[in-house]
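Q: Same order as they appear, the protein sequences are chains H and A. Per this note's numbering: the first sequence = residues 1 to 204. Per this note's numbering: the second sequence = residues 1 to 222.
Calculated from the structure, these hints are not laboratory results. For glycine and all other residues, C-beta sits at the position ideal for the given N, C-alpha and C. Keep in mind that the hints are not guaranteed to be accurate.
To be verified - Each pair of labels, with its calculated beta carbon distance range:
| hint | chain 1 | residue 1 | chain 2 | residue 2 | range |
| --- | --- | --- | --- | --- | --- |
| 1 | A | 47 | H | 70 | 37 to 43 Å |
| 2 | A | 6 | H | 109 | 18 to 24 Å |
| 3 | H | 179 | A | 3 | 25 to 31 Å |
| 4 | H | 178 | A | 206 | 44 to 50 Å |
| 5 | H | 174 | A | 162 | 35 to 41 Å |
| 6 | A | 46 | H | 105 | 46 to 52 Å |
| 7 | A | 165 | H | 119 | 45 to 51 Å |
Said to hold, decoys possible - The following residues of chain A were derived to be distant from chain H, with all beta-carbon distances above 12 Å:
| hint | residue |
| --- | --- |
| 8 | 54 |
| 9 | 81 |
| 10 | 133 |
| 11 | 165 |
| 12 | 180 |
| 13 | 184 |
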Amino acid sequence: MLEAVGLECARQRRALFAGLAFALAPGELLRVAGENGAGKTTLLKVLAGLLDPDAGEVRWQGRPIRALREEFARQLVFLGHAPAVKDELSAAENLSVACELAGRPASPQSVREALERYGLPAEPRPVRRLSQGQRRRAALARLVLSADAPLWLLDEPFAALDAAAARLTESLIGRHLAAGGAVVYSTHQEASIEAAVHRVLQLG
Amino acid sequence: MISIARTLVARDLRVVLRRPGDAATALLFFVIVASLFPLGIGAEPNLLRAVAPGVIWVAALLSSMLSLQRLFAADHADGTLEQMLLAAAPLGVLSAAKVLAHWLVSGLPVVALAPLLALQYDLAPELWGTLALSLLLGTPVLSFIGAIGAALTLGLRGAGVLLALLVLPLYVPVLILGAGSVEMAAAGLAAGAQLQVLGALLVVSAAFAPWAIAAALRISTE
Numbered sequence: 001m002l003e004a005v006g007l008e009c010a011r012q013r014r015a016l017f018a019g020l021a022f023a024l025a026p027g028e029l030l031r032v033a034g035e036n037g038a039g040k041t042t043l044l045k046v047l048a049g050l051l052d053p054d055a056g057e058v059r060w061q062g063r064p065i066r067a068l069r070e071e072f073a074r075q076l077v078f079l080g081h082a083p084a085v086k087d088e089l090s091a092a093e094n095l096s097v098a099c100e101l102a103g104r105p106a107s108p109q110s111v112r113e114a115l116e117r118y119g120l121p122a123e124p125r126p127v128r129r130l131s132q133g134q135r136r137r138a139a140l141a142r143l144v145l146s147a148d149a150p151l152w153l154l155d156e157p158f159a160a161l162d163a164a165a166a167r168l169t170e171s172l173i174g175r176h177l178a179a180g181g182a183v184v185y186s187t188h189q190e191a192s193i194e195a196a197v198h199r200v201l202q203l204g
Numbered sequence: 001m002i003s004i005a006r007t008l009v010a011r012d013l014r015v016v017l018r019r020p021g022d023a024a025t026a027l028l029f030f031v032i033v034a035s036l037f038p039l040g041i042g043a044e045p046n047l048l049r050a051v052a053p054g055v056i057w058v059a060a061l062l063s064s065m066l067s068l069q070r071l072f073a074a075d076h077a078d079g080t081l082e083q084m085l086l087a088a089a090p091l092g093v094l095s096a097a098k099v100l101a102h103w104l105v106s107g108l109p110v111v112a113l114a115p116l117l118a119l120q121y122d123l124a125p126e127l128w129g130t131l132a133l134s135l136l137l138g139t140p141v142l143s144f145i146g147a148i149g150a151a152l153t154l155g156l157r158g159a160g161v162l163l164a165l166l167v168l169p170l171y172v173p174v175l176i177l178g179a180g181s182v183e184m185a186a187a188g189l190a191a192g193a194q195l196q197v198l199g200a201l202l203v204v205s206a207a208f209a210p211w212a213i214a215a216a217l218r219i220s221t222e
């Protein structure tokens, strides 16, 4: 379903990757590995359509994502390096806004349940008062409510998470793959995710 | 699509309500600038009446620009802008929602406060309506044009100065028309022509600016 053809990207005239090609079928997991500055975040942004590659293109079900725009965005969950939560709002408010923006509105009940699964209390406390790891959890709670989005692009999903939250994230990814979704993620640490096809793309 | 835009407006308004400092600063700036002029110029009623429309309009324009710098900067910093770019609605629609939220916070209070500030200039009560109407039509145009500049200068060093250089020349027609309409009314002439052109500017900017903002956002997030 997701296909990259001859991707090439440079940052400050330094080539990050060139001639990168892969195809991702339903149920497949792709881990983007590489040291800091190898271009993991750049690659994920290119796959999400946030960055245009210098050469090559990304295709979704055979059509270039540049032409699809919102149609592609609707099929996608992208969790970037920044947790994408507003400091002034509570975790529940952030989550329900994020779901609404992505075109899959969630009921207050399901938002509360998603946050509970990630161990966040459903109190109206602004995210500003939460720790770094809790913010990360508030962002990841979106995965609980995004099971029907076929493609997940996760940039360092395990950063700043404790063991329990990391395990929960792994199990959510595993369940998504089993249901026919595809996941691309980047990480430094080893993650144990159950996947029929688990490929590693080494950058740099 | 409309519900997504509504969500974004509600979110931005809620953020401002939780942290009213930034919005209040811009409004306070407007009030202070407009109040300092009568003190500096002196209590010469005819002179004050003559400068009132221009001074109030310039103050409104500067205060609008003051709050523009943060329009997309906060979203850019916390990553929510990326989610806007990947939202299920066209980016142009979301840009229009951002501008609407900005205007509700920074433009609408200016419209409401202007007649009150006009008291200090001894502006005739029958002109208050024209002043408020000209601001009501003009301040959204300022928000739309300014948002293009804010999107273009997003993430640049010295964005504030660059934004002013970029946007202020484009504000000039709005300023001339807005202040001019009140001056016309003060001279006993019909202000309709200026107000209609302001209205036309509003329609045109509402139709095209969101797409320009969207294009600018895509460029500056690359």
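Q: Identify every previously stated hint that the structure contradicts and give their numbers, smallest first.
A: 1, 5, 6 and 9
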